[in-house]
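**Q** Below are the chains, spelled out letter by letter.
Number of protein chains: 2
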Amino acid sequence: MDALVANMTEDQLLVLVIKYVKEAKRSALQQLLEELHPYDVAQLYRGLPEKHHHKFLTFLTSDQIADLIQELEYEMQIEILHKLGIERSSKVMNLMDNDDLADLLNELSADKIQEFLEVMRKEDSQKIRSLMSYPADTAGGLMNNQFVWIHVNQTVRQAVNKLKEYASFSENIYYLYVINEEKKLVGVVSYRDLLIADEDERIEDIMFSRVVSVSVDADQEEVAQTIERYDFIAVPVVDAQNTLLGIITVDDAIDIVIREANEDIEKLSASGKDIDFNTKATTASFRRLPWLILLLFIGLLSGSIISGFEETLDQVVALIFFMPMIAGMTGNTGTQSLAVVVRGIVTSDVDRKTVFKLIFRELRVGIIIGLTCGALILLVATLWIGSLTLGIVVGSSLLITLIVGTLAGTVIPLMLYRFGVDPAVASGPLITTINDIFSLMIYFGIATAFLSQLQHL
Amino acid sequence: MDALVANMTEDQLLVLVIKYVKEAKRSALQQLLEELHPYDVAQLYRGLPEKHHHKFLTFLTSDQIADLIQELEYEMQIEILHKLGIERSSKVMNLMDNDDLADLLNELSADKIQEFLEVMRKEDSQKIRSLMSYPADTAGGLMNNQFVWIHVNQTVRQAVNKLKEYASFSENIYYLYVINEEKKLVGVVSYRDLLIADEDERIEDIMFSRVVSVSVDADQEEVAQTIERYDFIAVPVVDAQNTLLGIITVDDAIDIVIREANEDIEKLSASGKDIDFNTKATTASFRRLPWLILLLFIGLLSGSIISGFEETLDQVVALIFFMPMIAGMTGNTGTQSLAVVVRGIVTSDVDRKTVFKLIFRELRVGIIIGLTCGALILLVATLWIGSLTLGIVVGSSLLITLIVGTLAGTVIPLMLYRFGVDPAVASGPLITTINDIFSLMIYFGIATAFLSQLQHL
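These protein sequence lines are chains A and B, in that order.
Numbers 1 to 457, taken from the working numbering, label the letters of the first sequence in order.
Numbers 1 to 457, taken from the working numbering, label the letters of the second sequence in order.
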């Protein structure tokens, strides 16, 4: 059967699964699923007609359901728990990775959580409770406490025997963590080191002792950065006393990187949290509206600044033609600088020297692009409207607003970061408002100063 | 020494390294570096004063230089090769991971590449040449051909012996790939499986036969997606005949995810490619200017539309006050929709059904936010200017432009994706232009229609 299954397409597999379910071939189904990755089983479950779900679940081993459930979205997870009932659910939960389980429980009501925890083995429910006590976006909230540790003075043989004993749950683990008598983390050994070592060697002699770990309250961004920089498969999580509490694996790091990037994009585009292809229209609207209403009033603020210059506009209507360009360009250069800062913070260390260097760099960028675009628009405006004075007004306004906009897009997010606020929030609202207001005031201010020379237009 | 080094800070280590370099303690330095991760050694090298670089490098083993060089930026890599000279460089290159080496060589001139390849072992230079022939953003360009394979009918003992033999270069490898007589990939075994299996078991009996692999010409995005979905540590790369060519490891997948996210953000914010904290001001300006100049002309296009309605504006100046708000809001809702599409494509499959569902969803989102914001601005405009007619003109314009803007932000990137263009490019320029033009034409069009009723303002 192996060779057959290995070459089947997803659709062929689905047909086979439906056949097994209909004919109640329990063991054939279980055997088939053993050949597949959890992700593939989850894809099959998603493709399976609703009416077969219940029967399919009853045919699986608890282990298989635990693997499956970890790959599904919250809604489907809850649905499965509902279908399994409290007894079977608890059995499945006992087999789930602790971090996935804590995430799942966090989605349930307090009553429901209580109900599940009570049916679980006491030892497990305590572990879960402690995992749930850490904020979700810290190392504590991400860690898994299914790892294997070994004493520093044991031998390679003892380590391998321990691994064999814990084989089932050491599935996705590639390092063995070494602790001393006081249970402090003192080293790490990879499976490869174990494989190539002699059985009688002492762990202490083959371990790597400069262990890189993360603190239990470290931010998820720091965790992902550590794993990415060191090319780790997993990183140990420790408390202030260097006691090993859990591990975070590289697949979680990838999820963090994707999540953080999505958050940056959401904030930069002010598009509201957690909107994907499956979000309902009303939910998506309610998540987008707060930003839009805020931006609406910001737009009105610009309008009221314009209305303050009504007299100038009344006398030189041509000034309006360049208004969208000047406001837009200031916003654009601000957004460009903001994007550089937001992504730069992800990958670089931000110390005082870096900050000053960056601000000075952006000042020079502002001057270069200001001079280029200013000269260009001076030419265009002079030719279009036929007035060199207007050209000078528009060109010099653009020069100044581009420098101001570039600096605002750099300094504001850096200041926010300094005060512990996520700089990506400084997107739409703050930078746009400030740049809109600055640009209109600079433009109309300069225009008003030149009003007597412009009036013949 | 171990315990001491394990607890030293980065600064203390640097002081120690400088001491060893000054006192020419070659073996002490080599031993110290063995205790550190390549990333930490690279950090030390970056912190080391320029004048010590040469001496530091001469004290290291070629293996250590190979590890170090892989962690550094291109500029520093080239500098090191220059310092080492062609002979020593080739030795170091022989020890580098093939994918990193191919990347490095791609940065050099054709002459220089030739020079290096000639000094290398023939076998190695051929490998490198073949790696360099694949496009950098495909599986072929990313893969490493330092992996370990084993024949399907060998035993666990034979596999472990082979691993011991290749110990030095199987450092970051956690799976053993299984091939048959025709050298086709037929299975995979993890180090853990080897550890817990009996020595006499046959590989065929413990291997996992439904191997997930990627094609050598698969896009890097697909590679990262495969690793992320299956929580793999590595994925094998095969050709059309299922012959194993190389592997791509999870650390490369993280780099891809970060790079793709940065590219999306760069394109969405039209901020130009590859600008980070270290980019020079002139370089950054030249990368940002093309976008800004394009956006400048787009801004002028809006201006020329406004100038077409000069007569209407002349008669009802108050219309100008709401112009920035209407254009801004249309742009904002378009950007929101665009962000949802761009990130959704990364994680979801885009079939015909999904597309229609999404467009219909966004239509409803447009109507909901249009009605909300339209009603709000009707109220504000009526109270501010004291004209219900103006309120109706502004409110109904905003309703229509928000629906159009939301749809444009959805349909345009989906169409681009359909035709194989990266939808993130549809950022600034396309969506902003179209939405600016639509919104101004709708607004001034409606206003002109109501002109006789508005004229008393």
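Bear in mind the hints are in silico, worked out from the structure with no lab data behind them.
Misleading hints may appear alongside valid ones.
Copies of the same chain look alike in the list, so a pair counts if it fits in one copy or across any two.
Keeping only pairs whose Cα atoms sit at most 16 Å apart, straight-line, the calculated EDC-like set for lysine to aspartate or glutamate is [claimed, not checked]:
#, residue 1, residue 2
1, LYS164, GLU199
2, LYS183, ASP239
3, LYS357, ASP276
4, LYS162, GLU263
5, LYS91, ASP239
6, LYS19, ASP314
7, LYS22, ASP100
8, LYS22, GLU35
**Q** Go through the copies and call it for LYS357 and ASP276: within, between, both or neither, with a Cα cutoff of 16 Å.
**A** between (38 Å within a copy, 12 Å between copies)
**Q** Given identical chains, is LYS22 near GLU35, meaning Cα to Cα at most 16 Å, within a copy, between copies, both, or neither?
**A** neither (20 Å within a copy, 59 Å between copies)
**Q** Can you tell me if LYS22 and ASP100 fall within 16 Å by alpha carbon in one copy, between copies, both or neither?
**A** Classified as neither: same-chain Cα gap 31 Å, cross-chain 52 Å, threshold 16 Å.
**Q** Between LYS162 and GLU263, at a C-alpha cutoff of 16 Å, which is it: within one copy, between copies, both, or neither?
**A** For LYS162 and GLU263, the Cα distance exceeds 16 Å both inside one copy (41 Å) and across copies (46 Å).
**Q** Measure nothing new, just compare the shortest in-copy and cross-copy C-alpha distances for LYS164 and GLU199 to 16 Å and report within, between, both or neither.
**A** Both, since 14 Å and 13 Å are each at most 16 Å.
**Q** Checking LYS183 and ASP239: alpha-carbon separation at most 16 Å within a copy, between copies, both or neither?
**A** within (12 Å within a copy, 49 Å between copies)
**Q** Is it within a copy, between copies, both, or neither that the alpha carbon of LYS19 lies no farther than 16 Å from that of ASP314?
**A** Neither. Shortest intra-copy (78 Å) and inter-copy (75 Å) distances fail the 16 Å Cα cut-off.
**Q** Under a CA distance limit of 16 Å, which applies to LYS91 and ASP239: within one copy, between copies, both, or neither?
**A** Cα proximity of LYS91 and ASP239: none, with 30 Å in one copy and 43 Å across.
In summary, the numbered hints that this structure violates are 4, 5, 6, 7, 8.
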